[in-house]
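For reference, the chains in residue letters:
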Amino acid sequence: MVTMAVILIRTLIIFTTLFISMRILGKRQLGELEISELVVSVLIADMACLTLQDIGIPMLNGLLSIITLFCLELLLSGITLHSPRLRAAVWGKPCFLIEKGVINQKEMRRNRFALDELTEELRRQSVTDIGSVEYAVLETDGTLNVILTPDNRPVTAGQMQVPLEDTGYPMIVISEGTILQDNLRKSGRDEVWLRRQCQQQGFSGPEAVYLMTVNAAGKVYCAGKEKGN
Amino acid sequence: MKKAAAAALILTLLGTGAFFNVRHLDSLTQHLVCQIEASRVLCEAGDALAARESLQNALDDWNQSENYTHIFLRHSEVDAVSEDFYDLCSCLDGGDTDSAPGLYDKLTARLLSITAMEHLTWKSVF
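So the protein lines, in turn, are chains L and D. Per our numbering, the very first residue in the first sequence carries number 1; after that it's consecutive. Per our numbering, the very first residue in the second sequence carries number 230; after that it's consecutive.
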């Protein structure tokens with residue numbers, strides 16, 4: 001028999017156990033989730049499944065566990081937000097697998113990161129020569145960020161002293177025939193302008209447009225709906 | 230921080246709710262056990278009719294708390310208690326006083342086990 005108080009305690013114990021386990025296992029187990037997010041995701045999925053599968057278990061038991069997990073996650077993230085020291089203890093710190101071009105073997109071992117995995121991660125980011133990496137940082141969510149040596153970094157327009165116009169962020173103003181009024185307002189345009197644009201692009205109106213975007217420079221991208229849609 | 234405070238408040242409320250739930254279940258089972266014991270005394274005294282009536286009162290009270298029990302307790306446990314009640318009722322209706330003590334014990338133990346499991350102990354948690 002599982003009841004309220006027992007569920008609360010059991011949830012706390014399972015959460016703590018999973019959390020500590022994942023923390024000990026290290027970042028490479030996490031993928032793109034933070035530790036507590038992963039624990040919560042796994043547990044919630046399982047609890048929801050159990051409650052749905054076994055109708056002999058009161059629904060409240062499952063709900064209670066899920067609410068408790070969400071509250072723990074919120075509480076933990078809220079507390080760690082205000083304490084860098086606690087944040088480092090709970091989420092861990094980013095660590096350098098490659099520092100100033102040198103592979104940090106101690107950190108590699110500590111994070112149980114094999115050399116093959118490191119090269120695989122680098123290839124994923126289109127880096128084939130490990131010698132071109134100045135820093136490789138294993139973030140707290142398990143992702144690897146790579147900074148190339150200065151001579152291997154792509155040249156920027158600023159370095160080339162090429163003046164470029166700031167085109168801003170392209171706003172979607174029509175999505176599948178629907179005018180997104182908020183975005184249209186934010187882009188500083190109105191419906192009259194929009195309808196004129198549609199006609200200029202050869203469409204009867206916004207209903208015939210699949211996607212229309214406009215950036216700060218006024219450049220419009222327009223794609224019509226396929227026939228029959 | 231507002232979200233964290235809300236989460237802490239919800240967790241506190243859940244903890245308080247769990248505490249009151251234990252108290253409510255304690256009082257419900259104690260009430261039922263008292264009625265069942267009264268019925269047992271009457272049965273042992275040979276008054277099967279009064280024993281049946283006292284047991285019926287306990288059964289009515291159990292059935293009236295059905296909403297609570299089905300929300301907070303495992304359905305299989307609730308069904309088992311109801312089954313034990315009806316077994317004992319049938320026994321008393323049939324005048325089978327030899328089997329009655331065993332059924333009284335079974336029903337009382339079942340009800341007390343619900344409360345025992347609800348209490349926070351190493352056994353109930355693990």
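Incorrect hints may have been included.
[Unchecked claim] Here are the simulated DSBU-like pairs of lysine-lysine, each with C-alpha atoms no more than 30 Å apart in a straight line:
#1 L:LYS93 <-> L:LYS106
#2 D:LYS335 <-> D:LYS352
#3 L:LYS186 <-> L:LYS225
#4 D:LYS231 <-> L:LYS93
#5 D:LYS335 <-> L:LYS93
#6 L:LYS219 <-> L:LYS186
Bear in mind the hints are in silico, worked out from the structure with no lab data behind them.
Hint check:
no. : hint                  : in the structure
1   : L:LYS93 <-> L:LYS106  : holds (15 Å)
2   : D:LYS335 <-> D:LYS352 : holds (21 Å)
3   : L:LYS186 <-> L:LYS225 : holds (24 Å)
4   : D:LYS231 <-> L:LYS93  : holds (26 Å)
5   : D:LYS335 <-> L:LYS93  : violated (58 Å)
6   : L:LYS219 <-> L:LYS186 : holds (15 Å)
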